[in-house]
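Q: Here are the chains, one letter per residue:
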Amino acid sequence: MASVTHIVEKIAQFGREKGLVGIVADPAVPSNENRLAVVILNTGTIHRVGHHRMYVGMSRKLARTGITVLRFDFSGLGDSSPHLSDQPLLQSNLTDIEAALEWLQTTRGISRVVLIGLCSGADHAILYGFSDPRVVGLVLIDPYIPPTARYFFDYLSHRLRDVRNWRNFRLHKSKLLRRLFEHISRTLHLDGGPLHLEYHGLDPRASLEKAYEATAQAGVKFLVICTGQHHAPRQTYREQFINAFSKVSFGDSLQLEFFQNADHTFSSIRSRSELDELVASWCKNTPFERSTPLTPPIADVTALWSA
Amino acid sequence: MLPFFFGSKKRALFGSFEPATHRGGAGAALLCGSWGTEYTNAHRAMRVLSKRLCAAGFDTLRFDYFGAGDSGGETIDAELDGWKNDIGTALRELTEMSGTSRIAIIGMRLGATLVVEAAPQLPARVDSVVLWDPILCGTDYLNSLQTPQGDRRETTPVSPMCGPPEVAASQLGGLLVSSSFIDGLRSIDLSSREVRLPSNVLTIFSNNQHRECNIGSASKDSEVAILEAPSPWRDSADQEEGLPVEVFERILKWLR
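Same order as they appear, the protein sequences are chains A and B. Heads up: the first sequence runs through residues 1 to 307, numbered per the working numbering. Heads up: the second sequence runs through residues 1 to 256, numbered per the working numbering.
Hints in this document: simulated from the structure, not taken from any laboratory. Don't be surprised by glycine CBs; every beta carbon is placed ideally from N, CA and C. Please note that a few of the clues may not be correct.
[As the list claims (entries may be wrong)] Partial list, derived from the structure: chain B residues whose beta carbon lies under 7 Å from chain A:
(1) Pro3
(2) Gly7
(3) Ser16
(4) Thr40
(5) His43
(6) Asp70
(7) Gln171
(8) Gly174
(9) Leu176
[What the hints assert, rightly or not] One side only, chain B facing chain A, incomplete, derived with CB under 8 Å:
(10) Met1
(11) Arg47
(12) Lys51
(13) Cys54
(14) Ala56
(15) Thr75
(16) Leu175
Next comes chain B alone, as it looks inside the complex:
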């Protein structure tokens, strides 16, 4: 595995590139994770998924959005539009490192939603998209993140690394984020509109979280899979069921 920083000096992103363990020409896969506590809890599952993809012949790249994980920036710098651009930056990086033209993107939770929204502007052709329990309704998602001390407006404006010198900030899921980030989350709505992506699309819903959605492919295959599987983004204390092997296998089968 090659851990490295990429992107620009002002917007450094942390990535972990893992080459395929054998040259089977399967292609390359970009993994787009979730955010906040979900990102932390699901880190191991994403790494295991990456390893299984490598064993199946894929080069993989996992990365952290700006202001999240090991990437540059503070949580207050997080913006959904910026994160969609980060997906494009990571996709370019993976394409260059892998040298393959067969690309898949796998998004988990908020990462899946961002992949859907970023799809029209992506800088490279993407053959397959896997959406693993995407956030369909931003309002519901925000409500799920509320904590006893959550969503409290800070009395002092804070200075982010990028953007305007001072922004209104709130605490969400234990992290300091900008009001525009919360507005961005609130505006997510993939359940009431039809979305057609220019790639093959596999949408996975686990643990009876299935919600009506109309995400599919404009011209190619699309499929919705409803699986009984653990949710690795939940609190680690609740993760007694182990890794979501069913989801891993479904993704590998779809991408083969």
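Same shape as in the complex, but just chain A:
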């Protein structure tokens, strides 16, 4: 992809009654190649600009490499209309992603898309990606990773080294045992995972494993990025993602990166700059090619999770 200096940013309105609002950044002169678009998803309840304006900078840098980038708000977030359907929130968000991809295909003829999400955005990306053949790549930043044995060891070691915890213990204010119990409960499936992953009472941990497997088998490429300075760490070491999803056959579809010094919202300029460069380089150099499914594609989360 050629580097372009100028980009054009426009309003994007789509979905039911054009109630979804976003900003699309196009290279001023689109390439004639098999075009790729990036769609950036909300992080939690933060609107499409992102923490520290990180998605504005990321989308502009990617657009300068020749990629069309859409960042939009799910129904009920940012400037988008509230979701009025009786769908569960998770299903509504996945429907919104589909509307975004439809809009890119209709208005720009782009049918190869990389989804980028941080935290809940990453979880939405993995839960949608397998079901839509237009998704060829996923950039998952701090996705939900079930805790592993080494995670518990690292977490406990870290807490025991922190003098504040001993002071709290002495003052009977220690939260260490409660936190540890919560983590162990999750591991034992007493509690499935983050609230935004709860869906029809199904177990998100097992369902995520299915989603990763189905997505990898479809030939979708993964760039998984984990940060090391989360205030309430969900991962403590680089390989935790692989260990947690050890049953998934990623093959050569997975690139795993660990930003040891970055916090969860990439509050330092340097970490955001490194993130942008990594994502741009990955989009440029990855051979995206989704394989033809041997079995009929799974329609949606409900079908996958109850399979």
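Place chain B on chain A using the hints.
A: Coordinates of chain B only, in the frame set by chain A:
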């Protein structure tokens, strides 16, 4: 709601215009938000306030300053004088879109401070001004933005979209900003001088953040309200108290 870009090609501003849900002739309201993390955290509260104003008969315009939010420019392009001009540009846009002559401006935090400082040069007559927890002391505000990695001078000069080709840059609140932007923030001082605006003025202080200030109207009504209400610009993790409904209701009551 109509999202759109306005202003000039070199200084494109993002705005969200929402027409009144009924034609009651209440007027039009311009919402001037805060900056940085406060802007991000308070986005939902500003949208809800906008909707409540629309339901009360106001056309509303929310917008992002140049170099912030969805507007053009990079954070290094931010300058307080430029942002005061942006308020004027947005006010002109709202006046044209609404067609009403009854205008109110509502500023939150840094937005409120900018409204005070921009008031003498605004391009249209403004009937009412609401100042929601304005930044009164720039030095205190800067101190509150300091982070472990904050205010660190970058070793490499950067090139902004506007202004001189290279400027000294610092990291403030996780954003790359110019030294002149920081100097502008540092120079804010609304607590030690008397300020008289040519409009009705409602100043709201919430969560016991009340500081002595002397902001009022030159010739019309002015009022200071001290409310127990959540601060939507704080980190979302701290926002367990919900939306500042008390503030919304006080603003609507004042503007009616």
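Q: Could you run down the list of hints and mark each one as holding or not?
A: Results for each hint:
no., hint, in the structure
1, Pro3, "5 Å, holds"
2, Gly7, "13 Å, violated"
3, Ser16, "6 Å, holds"
4, Thr40, "6 Å, holds"
5, His43, "5 Å, holds"
6, Asp70, "5 Å, holds"
7, Gln171, "5 Å, holds"
8, Gly174, "4 Å, holds"
9, Leu176, "5 Å, holds"
10, Met1, "6 Å, holds"
11, Arg47, "7 Å, holds"
12, Lys51, "10 Å, violated"
13, Cys54, "14 Å, violated"
14, Ala56, "19 Å, violated"
15, Thr75, "6 Å, holds"
16, Leu175, "6 Å, holds"
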